[in-house]
Structures are given as structure tokens and as C-alpha cells.
Amino acid sequence: MSETMVKRTPAADEAFEPRITAFVCNWCTYTGADLAGTSRLQMASNVRIIRLPCTGRIDPLFIIKAFERGADGVIVSGCHPADCHYNSGNYHARRRFAVFYDFLQFLGVDPRRLTFSWVSASEGAKWRDVVNEAVSNVRAAGPFHAYRALAPDPPAVVDEIDALLAAAEEGEGA
Amino acid sequence: MNELRDLARQLLTDGTVRVIIGWEDGRRGARPVFITDPADADKLIFDTRCAHNLVTYLDPRRDDVVNLGRIGIVVKGCDAKAVAGLLREAQVARDDVVLIGVRCGGVLEEAELREALELNADNVAPRCYGCDNREPALVDYLVGEAQPEPPRPTMTIDERVAALDELPLEERWAFWSEQFSKCVRCYACRQVCPLCVCELCVADKTRPQWIEPAAHARGNVSWNITRALHLAGRCVGCGECERFCPVGIPLTLVNRKLQEIVAQRFDYVVSDDPEKPAPIGDFRLDDQQEFIK
Chain A
19 MSETMVKRTP AADEAFEPRI TAFVCNWCTY TGADLAGTSR LQMASNVRII
69 RLPCTGRIDP LFIIKAFERG ADGVIVSGCH PADCHYNSGN YHARRRFAVF
119 YDFLQFLGVD PRRLTFSWVS ASEGAKWRDV VNEAVSNVRA AGPFHAYRAL
169 APDPPAVVDE IDALLAAAEE GEGA
Chain B
6 MNELRDLARQ LLTDGTVRVI IGWEDGRRGA RPVFITDPAD ADKLIFDTRC
56 AHNLVTYLDP RRDDVVNLGR IGIVVKGCDA KAVAGLLREA QVARDDVVLI
106 GVRCGGVLEE AELREALELN ADNVAPRCYG CDNREPALVD YLVGEAQPEP
156 PRPTMTIDER VAALDELPLE ERWAFWSEQF SKCVRCYACR QVCPLCVCEL
206 CVADKTRPQW IEPAAHARGN VSWNITRALH LAGRCVGCGE CERFCPVGIP
256 LTLVNRKLQE IVAQRFDYVV SDDPEKPAPI GDFRLDDQQE FIK
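Residue numbers (my numbering), protein chains in the order written: chain A, 19 to 192; chain B, 6 to 298.
Errors might be hidden in some of the hints.
[Claimed, not checked] List of simulated lysine-lysine pairs, PhoX-like, C-alpha gap at most 25 Å:
| hint | chain 1 | residue 1 | chain 2 | residue 2 |
| --- | --- | --- | --- | --- |
| 1 | B | 48 | A | 83 |
| 2 | A | 83 | B | 281 |
| 3 | B | 298 | B | 281 |
| 4 | A | 144 | B | 298 |
[Unchecked claim] Stretch by stretch, here's where chain A covers chain B in the computed footprint (C-beta under 8 Å, at least three residues):
| hint | region |
| --- | --- |
| 5 | 179-185 |
| 6 | 205-219 |
| 7 | 229-243 |
[What the hints assert, rightly or not] Covered stretches of chain A, going by a simulated chain B footprint (3 or more residues, C-beta under 8 Å):
| hint | region |
| --- | --- |
| 8 | 34-41 |
| 9 | 133-141 |
Note that these hints are calculated values from the structure, not bench results.
Given the structure is predicted, the values throughout are model-derived calculations rather than measurements.
C-beta: ideal position from N, C-alpha, C; glycine also.
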């Protein structure tokens, strides 16, 4: 494994800015987050939002993929119970994520990396609080090096191959 | 044993079924057998080596089995739960199969033996301990003598799961990432599972490629989490995935943990009652939501 892959210096950890991916439903939380923005509420800027039709559309694989691509934490948020645009999507999601949440802890994933919330279209302030809390939780949990260490980053491997090729070419030239 | 053979012979002779799927004595111990000729009915056996869950052959996508005609299949209690799973999910019609239940007192952990052994704490499959379905109710016929309860293994699965739960998060992660890093992605766990019946498995999808095919630990973690979650509330605990895993990943621990979660969260126990809906895909208005802000 190459040293360049994961920078684990104490200085890097100190300057750690969590990367958080939020999977939100189109009808409630996305609109709520929009309201937070148009209301000019101040909040941490560590969250990238992915808008989906419904929390029921969010497969746990999305979260795994987010971790694979370097997220340190995730947020899943949608309509309050009884508010689902599709009547029952959030109820199905609630069951699925209850299992996912418990199971990931069994595997040893820090629960602070997982935030689930109900945020309605009128709850811009709640979205701000959810984001700020998630960011401070993930900051406390630290960078998710453990997940990234599972496999070499393709770019690092590519760099290594390039270096080897360059060295080989030099050798030929000499 | 004679009861089983006589029944099989009769069902084949009177044309009730075209094939009986059961176990026979093979070169390396018990193995699955498909019997189409009544004269072969005497090949059938049932003893502590019959660990295979034959219900995996009922997958409606196995054309070679479907084409044989109406199926009679020998099932233990755990296998009957798998049939119930397929009925629940409309993969099999109840009238298309004749279920021959066997009274089961547990099977061997190491089942590839020339002779059947008496079960004891050291050789019993740990998953059999505490079995709640030793005389399946779903079946059309129930054969064999009443069996004693399986002995308590040296360490039960529940104890092993509890021991893992006791560990700090980092050590749990270290344990599981070590286990999953061994995975060679042969997908034997999926192939042998009676309930993994998707037309196209998400692990085989390439556009988009949700699960990295490379057998590095990251793809393996992704695959193993997905496999586990897709079986949450469906897994019958027959333990075939672990038995067939060539690298020895303790999948029964994963499956038992999920059974624990659905029991605690949704008060659900996997049974051989096909009318009882599976917990994922179903919901209650007052489900627990303490983890949601």
C-alpha cells in the first residue's frame, strides 16, 4: 500500500473537515434545505446534498457507495411520518434504516457517522441543526480512514504504474 | 427411513409427482438426489448428515428442475421455512410442490462423512441449537420418528454474537474487515441460498456498478453488507451460506444478528407460515424511530 494514498499525519487530522453526503427526499427535506438557504441561515458547509424522489428510494447501497467514495458521514432525511408524498415511502425507509443502523454498528461502524432525520419543507431551522450536529458528530468521530483503507485508491495505483513505466522508459533510454 | 422410501415410491408410482428431491448416500457422504424412477426410491436417506437445504432447487429460474414436472421435496424444519419464504414472495405456487417433512433432531457441523454420527456438543451444527421448527407444519406429509432436541454446542451462535457485541467498535470493525477481506467473491453463498432468487443480482449489475467486482476488501464489504441486508427478515438460518463458503466467513453470525435485529425492532420471527408477511416491505405506523432525529 502506498504512503501517498491516505495521508494520516496528525496535522492532516487536525485540519480535518468532514465530508458528508446527504440523501434527501425531494418533497420535504430538499425543500426544507432550500428554505434554510433562502432564509440565509448560517450552517456548516460540509454537506453535499443528493436529491431523490423519496426516502423509500434510498437503498443502503447508496450509503455504502458514499463511504467508498470518501464520505466520512452520511445524512438520510425525508418527510415526517404521515407526510410522505407517496403515502408510505418513509415508513418503508424507516424499517430498512433501522436494520441498517443496527447492523453497521455490529460491523463496527461508528453510529456518529450516520444521521437520520425527518425534516419538513417548513423546517429550514431544523435542517440547519441537523447539519450542524452531524458535522460536529463526524468531526468527533474523525476521518473514516478505516473504510478507505479497505482498498487502494485507483489514482494512487495509477500513479505507481505511471512511475514504474517512466522508470522503465528511462532505463531503456540509457 | 422405510416410511420415507415407501411414500416416495407411492407418490412417483401414482403420478402425484414426477420427481422427488431428497438425499442419498454418496461417495463423500450424503448428497442431494433427484429420483424420477419409483425403483430408485430406496436410495433415499435421512440422517444427521443431511445438512443440505434442497429448497434452493425450487428457484423458479432453474429451468432444468422446473421442466422435470411436479416436484416432491424432502424438507427439514429450516428448509420448510425457506419454502414458506418462496411462497410468501410468490416464487413458487403451493400446488406445484409436494412437501415431505422429516422430523429433525439437528445435523452435523461437518456433514461430509461416510457414516452418520450421533450428535454431541462438539459435532452438532451450532445453528441447530434452539431450533423452533423441528416438525414442520407447512408440509403435506410428515415422516420419521420423533427426534430429541439438538444438543447444546460448546459455544452457541447467540453467545458468539453477544461476544462480538461486547467488543469496542474498532475491534468489531477489525474483526469483520479481516473476515470479509478473505472473500473471493465466488458467490457460493448466493448460489446456495434458497432465498437468493433475483433474476439479476445487484452484484452482477455493471451499469451502474453498485458493487465493485474486484475481490479487494472494499468490494467484499459492500457485497457482504448487501447480501446480509437483502436477507434481513427473510433468512431462515439454514446455514448453507456458511457451510459452502470456501474461505470460512462466519456468515451465520451475520444472519443471526439480523434475526436478532428484526426480532427486537419489529417483533418478527421467521416462521414456516407463508401468510405472515416479511418485515422488510411491510411496516407499522408506530415502528421504533429512536435513531431518527
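We went through each hint and held it up to the structure:
no. : hint          : in the structure
1   : B/48 x A/83   : 50 Å, violated
2   : A/83 x B/281  : 33 Å, violated
3   : B/298 x B/281 : 31 Å, violated
4   : A/144 x B/298 : 10 Å, holds
5   : 179-185       : holds (count 4)
6   : 205-219       : holds (count 5)
7   : 229-243       : holds (count 6)
8   : 34-41         : violated (count 0)
9   : 133-141       : holds (count 4)
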